[in-house]
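Student: Protein sequences, first through last, are from chains A and B.
For the record, in the first sequence the residue sitting at position 43 is 73 according to my numbering, with numbers rising by one throughout.
For the record, in the second sequence the residue sitting at position 178 is 823 according to my numbering, with numbers rising by one throughout.
The set of hints was computed from the structure by calculation and includes no laboratory data.
The reader is advised that the hints may include incorrect statements.
Claimed, not checked - Calculated pairs, EDC-like style, for lysine to aspartate or glutamate (alpha carbon to alpha carbon, straight line, at most 20 Å): (1) K224(A) x E983(B); (2) K971(B) x D206(A); (3) K986(B) x E280(A); (4) K948(B) x D202(A); (5) K201(A) x E983(B); (6) K127(A) x D958(B); (7) K791(B) x D144(A); (8) K971(B) x E280(A); (9) K995(B) x E286(A); (10) K1348(B) x E1168(B); (11) K995(B) x E280(A); (12) K1348(B) x D1203(B); (13) K181(A) x D206(A); (14) K224(A) x D144(A); (15) K1299(B) x E1228(B); (16) K771(B) x E676(B); (17) K897(B) x D202(A); (18) K201(A) x E676(B).
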Amino acid sequence: MNFQDIIFNLQRYWAKKNCIIKQPMDLEKGAGTFNPDTFLRCLGPEPWNVAYVEPSRRPTDGRYGQNPFRTQFYYQFQVLLKPSPDNVIDLYLGSLKNLGIDLKSHDIRFVEDDWQSPTIGAAGLGWEVWADGMEVTQFTYFQQMGGFALKPVSAEITYGLERIAMYLQDKDSFWDLSWSDSISYGDLHLESEKQWSVYNFEVASIDMLLDLFEKYEKEFRKVMKKGLVFVGCEYVLKCSHVFNLLDAREAISVSERTSYISRVRDLAKVLCSAYLEQREKMGYPLLKKDKK
Amino acid sequence: MGKDLLFEIGTEELPPSCMEEGVTGLRKVLENKLSESRLEFRDILTYVSPRRFVAMVKGLGEVQKSKEEIVTGPPKGIAFDKNGRPTKAAEGFARSLNLKVSDLEEIEIKGKGIYLGKSITEEGKKTKDLLGNILKDSLLSLSFSKQMTWSDYDIKFIRPIRWILALYDSEIIRFNIINLTSGNVTFGHRTLSPTAITIKNTGDYFKFLKSKGGVIVDSVKRRELILKQINKLEEKLWKGKYKVVLNEDLLKDVVNLVEIPNTITGNFPREFLYMPKELLIEAIQYHQKYFAVLDKSGNVSTKFIIVQNGIKDTGGVKKGNERVLKARLTDAAFFYEEDRKHDFHYWTEKLKEVIFFSGLGSMYDKAARLKKLSLHITNLMHGNSLKGEEDISSDLVSASLLCKCDLVTSMVVEFPALQGIVGRQYAREKGEKFAVADAIFEHYLPRFADDILPSTDVGLILSIADKIDTITGMFIAGKIPSGSADPFALRRKASGVVLSILKGKYDFELADLIDYNLKLYLESFSSKDTESKIVSEVRDFIIARLRFLLDKKGKRLDVLDAILQSGCGSITDIGLRYAAIEEFILNKDIKKIYFPMTRCRNIIGKKEFGEVKEKLLTEEYEKKLFSSIESKKSKIKDLVIKKDFASVLIELDKLGTVVDQFFDKVLVMDKDEKIKTNRINLIKKAVDLYMTMADFSRLIVDKG
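Only chain A is shown next, with the shape it has when bound in the complex:
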């Protein structure tokens, strides 16, 4: 199954399970969790079922294209189910089956992996899912976002698309994956992976990044004063990404690191609290829709 077919397949599967299929956000971010469709929508009482592809960036994971499956850029397929259905694991296993994985001849395992993202004050309990030892999915019951306890709890299912493709296509490296019948993943991404690794580790201007962090933080405060929650969300993401770049450049000492993380977390907290307030004022529109 080609890479693009895996995406089609998952989209169709989750659409059938009552998820809306959204498209990625046009901003750098470390994971699908940072997309407001998860980051914000997991807050509050409104039901929300969504699936989308999320191109993700983790500068420190760059390996100059030399590691078969560690890269600074990759695709996630993100599913958020709120509240988490009782048969959520069966739904997930159904999606693997739908991808053509024979569950009776492969070793599918749920291995404890409690997840947290200190920068956005998020925490959850769950597993990494192994398929014959390969971590193909991160499965998390969100407990907290922006420091707020969540109720109802969402189930977040994050597929590592490249890993699933390696598994399905029996390939040993991202770069050998077929994206389509004629184009490989390497054709599309290997050169950019090399260039970004050089940039992230060696070239990115530290002064500019430090400056940007301050400016984005300031801009966040400004837009939040006007109640522009969705704009504010993007500035939190920008701060977070700039911080990740600074981290890759080893420009932040260990003690400074803690203080940067807590600065971003403060922003996330303000943001989540404002979002919750706004939805309440709006009378939780999706809650009403659900009842109709």
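Guided by the hints, dock chain B onto chain A, whose structure is given.
Tutor: Quick look at chain B alone, frame taken from chain A:
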């Protein structure tokens, strides 16, 4: 007699780390709730697998024990008027029990008098009618150190609960929790046998889960099966040419990651074998939980063992795992190569950025302290110097500055369990002396109870310095362990200090070292108020671990306490005194020291004491005692310095005879106040002499 109760909490996949906590908790809450409900049972057996906590209550009686309760009302004087007629108080009380006053009895309460009351017997209910509430309460009161909620339910558990099976013999015990109703249905292997399995009788449970569900519920049996499979590989297939590295922690994890274990062997490319053995083994074990395999000469082979969840492999499982391990090893090799580009100078600089503890500086600061501290230990032992002291000192300087460096290597950041091991490896690779490289590893020892201890003086001394420094630092920061809370494992570190000192036979006063350590901290970091207290607090904390260790070995704590009263604060010295007294108790008569000293101690009280005036000594036996004390004083002092405590005891034994004669022949409480005071001062001298070794009057001695 009675019947068995089966209680299964079906969950989503449990973390192996919580399983022990879960089954212990389950047994405890069931024990409590059943006993509170006056239900009798023979035993509670618990089991756990990745998707279930199970309790089997054996021989649970079918009827609750009846309860007799005496209810008392008003005192007799108030219950009846002068004419003996019941008052309103009596009638009200009777009404509250739905009885007539004539049904009530007179009940005597000791010390209070006679009251109106009634003995009420509550007949035992049928067990099966009580169990629903008992099981529900038990489940709800089960708690974990890490809990979660799911969906929109108001319940906390370690992972979502998906079914509940509750069966008393063949009867279903019904109760509701969140969206679930208990029943007689369980589930087997998640993907191999997804259909529900009905259990009609508790006796069928294990059998059916195995045959129909493909699940071995008992973790002991899963463990045995894994070991059996590995053993078969080693003996039958490999014919002794290869050996599996059976890491106990890994085995525990793996047993609880599968519901039915099935081991298969994979291979990885030879190109990774160039990495150091311990790094390679950890890379195989850490993320993927595979077992490494050694060849005949003890080198890592390209084989590895996967324990998977009962799948009949058609090739995919093996191949998939091989691919993953290859990528993991590629990553480990990447970190190893990255580290090789750097040197200890680079890492030392990076240590400046790693915080040791908030307010107590960086790991670099700690390393600098360790250098001074470990040298100070060698200085404190000036009297009996170490063999090859010059070498030891220069090795200590090198090792203390290098021992924390591996914390900032890529390898240890990725594989934290390799701390010390990576340091030793890299030190060897960079051409450091072997003694220095080994000390880097050994300074972390012992890592857990009953772990090995450092093997060299450099390792031992650095280990002592590192642990004392952490303990002192945490005491300064106010992070003193209390009760069961010891987040920095300071007790374990203190035990390590004691064991290492004893092993090295290092003789120094703990307080001297702690005091020096405190000064080092205070040079750089100001502390508030408690500085002076810290030295004695840390010293007592470490001595308390010596006490703990002796107690664990079944040694006599009264002997230790007696020694501590002498004011001795050197672990080694205490150990030698202990051994001498223990030996003496075994072969001689300790009463000959105990009784004379106790007599002396009892008579002198806690007054002020002065010098003995020789001219006031009139009687033969007090003169004899005086001269005996005078002659033994310097002798015993020498013996104590030489640590010849056996001979000290012989001297004190002899002194006992003189003391006894003194008490038999001389009246201490003389009419002349001056003589009396002088005699008491004399006895005090005897006490002092005993006390140079121990306060023997604290020993527990058979008085007969």
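Student: Take the C-alpha atoms of K201(A) and E983(B), compute the straight-line distance between them, and say whether it is at most 20 Å.
Tutor: The given pair, whose Cα atoms are some 26 Å apart, is violated under the 20 Å limit.
Student: Check the hint pairing K771(B) with E676(B) against an upper bound of 20 Å on the C-alpha distance.
Tutor: Holds, because 18 Å separates the two Cα atoms, which is no more than 20 Å.
Student: Under the criterion that the straight-line Cα-Cα distance not exceed 20 Å, is the pair K995(B), E280(A) satisfied?
Tutor: Given pair K995(B), E280(A) holds - Cα atoms ~11 Å apart, limit 20 Å.
Student: Going straight from one Cα to the other, do K897(B) and D202(A) come out at no more than 20 Å?
Tutor: Violated - the C-alpha atoms of D202(A) and K897(B) are around 31 Å apart, more than 20 Å.
Student: Run the distance test for K986(B) versus E280(A): straight-line Cα separation, threshold 20 Å.
Tutor: holds (16 Å)
Student: If you draw a straight line from the CA of K224(A) to the CA of D144(A), is it 20 Å or shorter?
Tutor: Cα-Cα ~31 Å, so violated.
Student: Taking 20 Å as the top limit, are the C-alpha atoms of K995(B) and E286(A) close enough?
Tutor: The hint holds at about 14 Å.
Student: Has the given pair, K1299(B) with E1228(B), been kept, meaning a C-alpha gap of at most 20 Å?
Tutor: Roughly 17 Å between the alpha carbons, so the hint for K1299(B) and E1228(B) holds.
Student: Hint check: K971(B) vs D206(A), CA-CA at most 20 Å. Holds or violated?
Tutor: holds (16 Å)
Student: Could you grab the alpha-carbon distance between K791(B) and D144(A) and see if it respects the 20 Å cut-off?
Tutor: holds (10 Å)
Student: Sort out whether E676(B) lies within 20 Å of K201(A), counting only the CA atoms.
Tutor: violated (54 Å)
Student: Starting from K948(B), check that the Cα of D202(A) is at most 20 Å away, please.
Tutor: Given pair K948(B), D202(A) holds - Cα atoms ~19 Å apart, limit 20 Å.
In this structure, the earlier hints numbered 5, 8, 10, 13, 14, 17 and 18 are contradicted, and the remaining ones agree with it.
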